[in-house]
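> So the chains spell out like this:
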Amino acid sequence: ETGVTQTPRHLVMGMTNKKSLKCEQHLGHNAMYWYKQSAKKPLELMFVYSLEERVENNSVPSRFSPECPNSSHLFLHLHTLQPEDSALYLCASSQDRVGGTTDTQYFGPGTRLTVL
Amino acid sequence: AQKVTQAQTEISVVEKEDVTLDCVYETRDTTYYLFWYKQPPSGELVFLIRRNSFDEQNEISGRYSWNFQKSTSSFNFTITASQVVDSAVYFCALSEPRGYGGATNKLIFGTGTLLAVQP
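From first to last, the protein sequence lines are chains D and F.
Going by this note's numbering, the first residue of the first sequence is number 1, and it counts up by one from there.
Going by this note's numbering, the first residue of the second sequence is number 1, and it counts up by one from there.
Among the hints, a few may not be true.
Stated by the list, open to error - Within a straight-line C-alpha distance of at most 30 Å, the following computed DSSO-like cross-link-like pairs (lysine-lysine) qualify:
1) F:70 x F:38
2) D:18 x D:40
3) D:18 x F:70
4) D:36 x F:3
5) F:16 x D:22
6) F:16 x D:36
7) D:19 x F:38
8) F:3 x D:40
9) F:3 x D:41
10) D:41 x D:22
11) F:38 x D:40
12) D:40 x F:16
13) F:38 x F:16
14) D:22 x F:70
15) D:36 x D:22
16) D:41 x F:70
Rather than coming from a laboratory, the hints here were simulated on the basis of the structure.
This one's a predicted model, so the numbers in the text were calculated from it and none came from an experiment.
Produce the entire structure from the sequences given, and follow the hints as far as they go.
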C-alpha cells in the first residue's frame, strides 16, 4: 500500500449503530487529520493529531471520537449519529516540523458515510 | 482574518480550451503557503502544488501553470488544452499561521471550483 488509505470506502449505518472509520498512512508522517466534507460546504477540519497527541478538536460533537494509537494509524469512532452527519470523511497526513515550514497534507480517498 | 475565496463555483469548457481557476486569499502573515488540490469524482484530494510566499515565480508543470501575484493576493491556476480527465473540483488552500490555537499545518480551504470539461 502507498500513500494514505481509508476503510471502508462506503458505510451505511443507522442512528443507533456504532462503527469505526480507519485511516492508515504509509508516508512516514507524524501528523494526521480528520476532515468532514458535506455537500455544498467547505472542508471542515475535525481533529488533528501530531506525534500521536490530539492538538486540535474543532468543536466536534462527542458522538465522534478519534483515536490515534500510533503515527501511522488514525480511527474515527462513530456512535448515535444523526442523518446530518452523512458526508465524505477524509483523512490526511503530513510531516509536522516544529518551528519550520507548513508541509503538504496528503489525503486518502475518503469514506462516504450515510446515516439513515 | 485568514480567508480563501474561489469566486467561480462552476466552469464548463469544451475539450482543448484553456481555462483559468481563480483564487484570492487574505492573510496578515508575511510567511505563508498556498496549495492547489484536485478532487475527482472518486473523492480523493490530489495534491497539485505548494508555493511559499517568498517564491513568486510562476510554475509550469505540463499543461498546468500557476500565477502567484502577491500584489493582488492571488494564486490562479491555468489548465492549457483541457481534457475530459481534468473534470473535477479544484480547491485552493492557505496555511494558517503556525502557533495559532496550538495546531500546526492547518489549512484554510476555499469552497472549490467545479470544472466540467465537455468532449
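> Next, verify each hint and record whether it holds.
Hints versus structure:
{"no.": "1", "hint": "F:70 x F:38", "result": "holds (23 Å)"}
{"no.": "2", "hint": "D:18 x D:40", "result": "holds (27 Å)"}
{"no.": "3", "hint": "D:18 x F:70", "result": "violated (48 Å)"}
{"no.": "4", "hint": "D:36 x F:3", "result": "holds (19 Å)"}
{"no.": "5", "hint": "F:16 x D:22", "result": "violated (40 Å)"}
{"no.": "6", "hint": "F:16 x D:36", "result": "violated (34 Å)"}
{"no.": "7", "hint": "D:19 x F:38", "result": "holds (29 Å)"}
{"no.": "8", "hint": "F:3 x D:40", "result": "holds (17 Å)"}
{"no.": "9", "hint": "F:3 x D:41", "result": "holds (15 Å)"}
{"no.": "10", "hint": "D:41 x D:22", "result": "holds (23 Å)"}
{"no.": "11", "hint": "F:38 x D:40", "result": "holds (16 Å)"}
{"no.": "12", "hint": "D:40 x F:16", "result": "holds (28 Å)"}
{"no.": "13", "hint": "F:38 x F:16", "result": "holds (19 Å)"}
{"no.": "14", "hint": "D:22 x F:70", "result": "violated (40 Å)"}
{"no.": "15", "hint": "D:36 x D:22", "result": "holds (14 Å)"}
{"no.": "16", "hint": "D:41 x F:70", "result": "holds (27 Å)"}
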